[in-house]
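Trainee: Letter by letter, the chains look like this.
2 protein chains.
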Amino acid sequence: MSTRDIEISEVGPRDGLQSIDSIMSTADKKAWIKAQAEAGTPEIEVGSFVPAKLLPQLADTAELVEYATGIPDLNVAVLVPNLFGAKRAIETGAHKITLPFSLSETHSMKNVRRTHAQVIDEISNIVAAISESENRDNTVFEVGLSTAFGCTLEGAIDEDFVVAMAAKAIELGADEVGLSDTTGYANPTQVTRLTKAIHHEIGADKMTGIHLHNTRGQGLANVMAALEVGLTTLDSSLGGIGGCPFAPGASGNIVTEDLVFLLEAMGLKTGIDMDKLLAVREQVQKTLPEEELYGFVAAAGLPKDFEAASA
Amino acid sequence: MSTRDIEISEVGPRDGLQSIDSIMSTADKKAWIKAQAEAGTPEIEVGSFVPAKLLPQLADTAELVEYATGIPDLNVAVLVPNLFGAKRAIETGAHKITLPFSLSETHSMKNVRRTHAQVIDEISNIVAAISESENRDNTVFEVGLSTAFGCTLEGAIDEDFVVAMAAKAIELGADEVGLSDTTGYANPTQVTRLTKAIHHEIGADKMTGIHLHNTRGQGLANVMAALEVGLTTLDSSLGGIGGCPFAPGASGNIVTEDLVFLLEAMGLKTGIDMDKLLAVREQVQKTLPEEELYGFVAAAGLPKDFEAASA
Chain A
1 MSTRDIEISE VGPRDGLQSI DSIMSTADKK AWIKAQAEAG TPEIEVGSFV
51 PAKLLPQLAD TAELVEYATG IPDLNVAVLV PNLFGAKRAI ETGAHKITLP
101 FSLSETHSMK NVRRTHAQVI DEISNIVAAI SESENRDNTV FEVGLSTAFG
151 CTLEGAIDED FVVAMAAKAI ELGADEVGLS DTTGYANPTQ VTRLTKAIHH
201 EIGADKMTGI HLHNTRGQGL ANVMAALEVG LTTLDSSLGG IGGCPFAPGA
251 SGNIVTEDLV FLLEAMGLKT GIDMDKLLAV REQVQKTLPE EELYGFVAAA
301 GLPKDFEAAS A
Chain B
1 MSTRDIEISE VGPRDGLQSI DSIMSTADKK AWIKAQAEAG TPEIEVGSFV
51 PAKLLPQLAD TAELVEYATG IPDLNVAVLV PNLFGAKRAI ETGAHKITLP
101 FSLSETHSMK NVRRTHAQVI DEISNIVAAI SESENRDNTV FEVGLSTAFG
151 CTLEGAIDED FVVAMAAKAI ELGADEVGLS DTTGYANPTQ VTRLTKAIHH
201 EIGADKMTGI HLHNTRGQGL ANVMAALEVG LTTLDSSLGG IGGCPFAPGA
251 SGNIVTEDLV FLLEAMGLKT GIDMDKLLAV REQVQKTLPE EELYGFVAAA
301 GLPKDFEAAS A
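Chains as they are written, first to last, in my numbering: chain A, 1 to 311; chain B, 1 to 311.
For the record, the hints were derived by calculation from the structure and aren't laboratory data. Fair warning: there could be bad hints in the mix.
Which copy is meant is left open, so a pair is good if it fits within one copy or across any two.
As a list, the in silico DSSO-like pairs of lysine-lysine whose alpha-carbon atoms are at most 30 angstroms apart [what the hints assert, rightly or not]:
{"no.": "1", "residue 1": "30", "residue 2": "196"}
{"no.": "2", "residue 1": "269", "residue 2": "53"}
{"no.": "3", "residue 1": "87", "residue 2": "34"}
{"no.": "4", "residue 1": "30", "residue 2": "304"}
{"no.": "5", "residue 1": "110", "residue 2": "304"}
{"no.": "6", "residue 1": "276", "residue 2": "196"}
{"no.": "7", "residue 1": "196", "residue 2": "53"}
{"no.": "8", "residue 1": "34", "residue 2": "196"}
{"no.": "9", "residue 1": "196", "residue 2": "269"}
{"no.": "10", "residue 1": "196", "residue 2": "286"}
{"no.": "11", "residue 1": "34", "residue 2": "53"}
{"no.": "12", "residue 1": "196", "residue 2": "304"}
{"no.": "13", "residue 1": "286", "residue 2": "87"}
{"no.": "14", "residue 1": "304", "residue 2": "168"}
{"no.": "15", "residue 1": "206", "residue 2": "110"}
{"no.": "16", "residue 1": "87", "residue 2": "53"}
{"no.": "17", "residue 1": "53", "residue 2": "276"}
{"no.": "18", "residue 1": "110", "residue 2": "276"}
{"no.": "19", "residue 1": "276", "residue 2": "304"}
{"no.": "20", "residue 1": "196", "residue 2": "87"}
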């Protein structure tokens with residue numbers, strides 16, 4: 001792990017599969033997770049503990065967590081909308097539990113049906129549940145600061161409020177917070193400014209990750225700002241599938257293949273083998289024949305001499 | 001002009017139209033150039049003085065230069081493959097004349113059918129032709145360093161050679177050189193390193209521009225490096241059409257709409273009105289019904305409150 005400069009957190013099995021119509025079989029999901037772990041991906045968000053009636057695509061999350069935690073050296077992450085989901089995550093042994101905290105209260109009501117006050121309560125409840133569990137030393141609790149860069153419903157989000165809520169989450173006992181550009185509104189100047197402000201308030205070690213979207217084609221430009229300001233965990237989705245189904249017009253995670261290519265070409269080590277990653281893409285495409293996968297590197301191919309240059 | 005932080009050089013009418021099957025009528029090209037100039041674009045590459053039998057799409061370049069030079073405050077650029085083309089550019093009154101100098105000799109032979117020695121001779125010949133013309137004080141001669149970041153045919157290009165040829169072009173009397181990622185091989189680290197090396201050799205004022213491609217989705221990440229290292233003229237193509245027809249697999253200029261959105265969102269002034277630019281895109285799409293336009297901002301729309309944020 002220490003040989004990596006940047007940790008890629010693959011969110012396709014959760015953020016990707018929750019946003020598309022196709023339902024992938026549990027066996028195909030396991031094969032995807034296994035193959036992508038073997039390609040060198042250090043962390044995979046394998047699902048979300050939401051009610052199956054809301055997101056039937058993710059109904060097998062418990063089984064996937066149990067499966068994925070058996071893969072050596074893989075950090076297994078899950079999303080939870082509330083305490084109930086967090087308890088299931090703890091029971092199944094997930095390594096990282098992320099609760100989305102949407103800074104747009106309108107979006108929060110649509111996404112997890114909770115006011116800000118209710119989400120803040122739930123942070124405390126989850127901190128308590130983890131501290132009472134046997135897995136407490138192996139469980140990281142992250143609060144994901146959703147719509148931090150603006151909201152399709154509310155528009156601009158006050159940055160001082162984002163910083164204050166980041167501090168609140170840490171004060172209540174969350175291990176870390178992460179910035180999330182749920183709506184694809186972020187620009188590099190804002191990534192830099194908001195990250196610095198949060199780091200100043202809570203310390204850089206309490207926020208190492210960012211979840212960027214490519215909705216307006218700005219994903220990798222924002223990654224450049226994130227790298228410059230010292231963030232080291234980057235979320236992305238194989239084939240760019242996903243986005244948030246409850247934020248109108250917001251689609252398109254950063255494409256893992258294009259992101260890994262960027263980082264490796266720059267000489268930053270991700271631990272991921274580019275050829276193996278492209279093979280995982282082909283494998284996933286076969287299991288999702290109705291879905292369009294995004295990204296440029298897979299279509300254009302690797303540059304001549306690319307391996308030699310990055311070796 | 002002085003209120004701009006970054007100069008966008010629109011290459012769609014040349015680089016875009018030379019790469020697609022459709023032939024746009026001269027009237028439609030004029031309407032495009034006029035509309036994009038009125039949207040605030042400071043420079044447009046309107047065509048290329050190549051033999052009509054090679055690129056019939058650009059056979060009306062002389063008429064377009066004469067038309068475009070009548071538009072107030074518009075810098076009119078053209079590409080020329082040789083002295084013959086340069087003389088036509090001078091006669092028609094183009095403000096900026098760019099000669100591509102491919103650092104890959106294999107690509108140079110395919111693209112302009114000339115060895116490096118022959119291109120170097122042609123640089124001297126064009127410098128002489130301009131200095132003898134009445135338009136010499138109003139004509140900028142740029143040597144475009146093509147395949148500077150690598151070649152699909154030759155692979156890696158020696159960076160010391162790129163720097164040496166940049167110096168050679170300036171020594172022979174070119175006004176400036178520009179870096180060109182013809183093949184979409186560039187990464188941000190390389191953009192920074194190569195730009196610094198060239199600036200160190202010839203001075204930053206002799207290279208202010210870069211022509212980046214989005215072949216592997218890295219275009220705007222590379223723009224971030226270009227901005228950081230002080231480059232101020234960025235080439236892009238409306239709808240991302242274009243690329244080089246003689247470099248296999250290399251397609252996709254940076255999308256002007258997505259680039260302007262990036263810069264304006266970051267607070268950098270381009271002088272371009274985003275809404276007017278998106279209207280130009282619709283106008284051009286109507287004249288190219290068979291062609292796919294690329295880009296994310298046009299599809300996703302501007303963020304809520306975007307105008308207020310950038311005003």
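Trainee: All hints, please: hold or fail.
Mentor: Tested hints:
1. In this homomeric assembly, residue 30 and residue 196 never come within 30 angstroms of each other (Cα to Cα): the closest approach is 38 angstroms inside a single copy and 47 angstroms across copies.
2. In this assembly of identical chains, the alpha carbons of residue 269 and residue 53 never lie at most 30 angstroms apart, being 40 angstroms within a copy and 48 angstroms across copies at closest.
3. Within a single copy, residue 87 and residue 34 get their C-alpha atoms as close as 25 angstroms, which meets the 30 angstroms cut-off; across copies the closest is 62 angstroms, which misses it.
4. Taking the shortest Cα distances, residue 30 and residue 304 never come within 30 angstroms of each other, neither inside one copy (33 angstroms) nor across copies (39 angstroms).
5. Taking CA atoms no more than 30 angstroms apart as the test, residue 110 paired with residue 304 passes between copies only; the shortest distance there is 18 angstroms, against 47 angstroms inside one copy.
6. Proximity of residue 276 to residue 196 under the C-alpha cut-off of 30 angstroms is found in neither arrangement, the shortest distances being 35 angstroms within a copy and 34 angstroms between copies.
7. Neither within a single protomer nor between protomers do residue 196 and residue 53 lie at most 30 angstroms apart by alpha-carbon distance, with minima of 40 angstroms and 57 angstroms respectively.
8. Neither within a single protomer nor between protomers do residue 34 and residue 196 lie at most 30 angstroms apart by alpha-carbon distance, with minima of 36 angstroms and 43 angstroms respectively.
9. For the homomeric pair residue 196 and residue 269, the shortest alpha-carbon distances inside one copy (24 angstroms) and between copies (24 angstroms) are both at most 30 angstroms.
10. Taking identical chains as interchangeable, the C-alpha atoms of residue 196 and residue 286 are never at most 30 angstroms apart, the minima being 42 angstroms within one chain and 45 angstroms between chains.
11. For the identical chains of this complex, residue 34 and residue 53 are intra-copy neighbours only, at 27 angstroms inside a copy versus 55 angstroms across copies, given an alpha-carbon limit of 30 angstroms.
12. Taking identical chains as interchangeable, the C-alpha atoms of residue 196 and residue 304 lie at most 30 angstroms apart only when they sit on different chains, with a minimum of 24 angstroms there against 38 angstroms within one chain.
13. Neither within a single protomer nor between protomers do residue 286 and residue 87 lie at most 30 angstroms apart by alpha-carbon distance, with minima of 34 angstroms and 55 angstroms respectively.
14. For the identical chains of this complex, residue 304 and residue 168 are inter-copy neighbours only, at 27 angstroms across copies versus 49 angstroms inside a copy, given an alpha-carbon limit of 30 angstroms.
15. For a Cα distance limit of 30 angstroms, the shortest separation of residue 206 from residue 110 inside one copy, 28 angstroms, qualifies, whereas the shortest one across copies, 54 angstroms, does not.
16. With identical chains, the CA atoms of residue 87 and residue 53 are at most 30 angstroms apart within one copy only, with a shortest distance of 19 angstroms there and 71 angstroms across copies.
17. With identical chains, the CA atoms of residue 53 and residue 276 are never at most 30 angstroms apart, being 35 angstroms at best within one copy and 45 angstroms at best between copies.
18. Taking CA atoms no more than 30 angstroms apart as the test, residue 110 paired with residue 276 passes in neither setting, with 38 angstroms inside one copy and 34 angstroms between copies.
19. When the C-alpha separation of residue 276 and residue 304 is checked against a cutoff of 30 angstroms, the pair qualifies only within one copy, where the shortest distance is 17 angstroms, while the shortest distance between copies is 40 angstroms.
20. When the C-alpha separation of residue 196 and residue 87 is checked against a cutoff of 30 angstroms, the pair qualifies neither within a copy, at 33 angstroms, nor between copies, at 54 angstroms.
When each numbered hint is compared with the structure, violations occur for hints 1, 2, 4, 6, 7, 8, 10, 13, 17, 18, 20.
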